[in-house]
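Student: Sequence:
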Amino acid sequence: MVNVNNMDIEQLVKFINIELSKNKNLSVNKFCELNDIKKSTLKSRMSRADYSYNIDLRKYVKNNTTSNTTEVLQEVSAPKEDTQNKVILLNDIETGKLNLLLNNIDSILELVEKKNNTSSITINSDKTKVTSLRINEELYDMIKDKSAKSNISISDIVNRALMDYLNNYI
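Counting from 231, one number per residue, gives the positions in the sequence shown under the working numbering.
No lab work stands behind these hints: they were computed from the structure.
No residue lacks a Cβ here, since even glycine has one placed at the ideal position from N, Cα and C.
Treat the hints with care, as some may be off.
What the hints assert, rightly or not - In the EDC-like style, the derived pairs of lysine to aspartate or glutamate whose C-alpha atoms are separated by at most 20 Å in a straight line are:
1. K344 x D394
2. K374 x D386
3. K289 x D356
4. K273 x E249
5. K269 x E249
Unchecked claim - Per label pair, the in silico range of CB-to-CB distance:
6. I338 x E367: 28 to 34 Å
7. N389 x K327: 31 to 37 Å
8. L332 x K273: 40 to 46 Å
9. L328 x S270: 32 to 38 Å
10. M237 x T325: 51 to 57 Å
11. L330 x Y395: 36 to 42 Å
12. T358 x K327: 16 to 22 Å
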């Protein structure tokens, strides 16, 4: 085992880069563990000497401290909108919803056609017979809520639903 604490920075950089290139599974953290050096110590030594770790190259490289920057001001015009070739990006959820709609288009159209038929159902008889029906509690609560919201009696909703069912499905 090599004592990395006694190396000068140039030797240390060469040594670490060689070790990282030899073993693709070796990370800087593992290197520090194997050589009994703290990651924070290594990082501070490298940054003081103006080195940084390049993830893509998997090695320490010298930072370029000098840079020439010139500010170029150009007039930027707003891009012209091409109305004919608009590309709309959809996320996976929207694509899934569109596929579901396309796969069930016939059923949806059939429901729309039947919706228009249900509005024309009228019950001509004023005679009523008191009878009891067994009905699911959740369904009854839904009917009761709808009755309260739309100001229609529960019996009218049930009668209309039964007539609709008899006329369209049986």
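Student: With reference to the structure, classify each hint as holding or not holding.
Tutor: Hints and how they fare:
no., hint, verdict
1, K344 x D394, "holds (9 Å)"
2, K374 x D386, "holds (11 Å)"
3, K289 x D356, "violated (90 Å)"
4, K273 x E249, "holds (17 Å)"
5, K269 x E249, "holds (16 Å)"
6, I338 x E367: 28 to 34 Å, "holds (30 Å)"
7, N389 x K327: 31 to 37 Å, "holds (36 Å)"
8, L332 x K273: 40 to 46 Å, "violated (54 Å)"
9, L328 x S270: 32 to 38 Å, "violated (51 Å)"
10, M237 x T325: 51 to 57 Å, "holds (56 Å)"
11, L330 x Y395: 36 to 42 Å, "violated (26 Å)"
12, T358 x K327: 16 to 22 Å, "violated (44 Å)"
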